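S.K.: Under the working numbering, the first residue of the sequence shown is numbered 11, with each subsequent residue one higher.
Take these hints with a grain of salt, some might be off.
To be verified - Using C-beta positions, here's what the derived DEER-type ranges look like:
1) 64 x 30: 45 to 51 Å
2) 48 x 13: 41 to 47 Å
3) 64 x 15: 55 to 61 Å
4) 56 x 35: 30 to 36 Å
5) 19 x 55: 44 to 50 Å
Keep in mind the hints are simulated off the structure, nothing from the lab.
The structure displayed is predicted, hence computed values, not measured ones.
The beta-carbon is built from N, C-alpha and C at its ideal position, and this holds for glycine as well.
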Amino acid sequence: MFNLKSFIKQSMRVWQLLKKPDTQEFTTISKVSAIGLGLVGVIGFAINLLMTYFGLS
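Work out the full structure: start from the sequences and follow the hints.
M.R.: Structure (structure tokens):
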């Protein structure tokens with residue numbers, strides 16, 4: 011059964027450990043995310059081109 015008090019207690023413990031990222035950390039995370047998103051897009055585009063070239067789509 012779901013125990014609300016236990017959930018709130020655990021959530022408060024996690025909330026106390028959180029910290030706001032500094033500028034350098036935020037910039038690094040943003041760059042890595044953008045590179046990953048771009049890489050997924052390029053892979054998808056390449057698959058689309060191959061499928062179109064071979065007449066599979």
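S.K.: It remains to establish, for every hint, whether it holds in the given structure.
M.R.: We went through each hint and held it up to the structure:
1. 64 x 30: 45 to 51 Å: Holds, at about 49 Å.
2. 48 x 13: 41 to 47 Å: 43 Å, holds
3. 64 x 15: 55 to 61 Å: Hint holds: Cβ distance 59 Å, inside 55 to 61 Å.
4. 56 x 35: 30 to 36 Å: Because 32 Å falls inside the window, the suggested range holds.
5. 19 x 55: 44 to 50 Å: About 48 Å separates the Cβ atoms of residue 19 and residue 55, which means 44 to 50 Å holds.
The structure agrees with every numbered hint stated previously.
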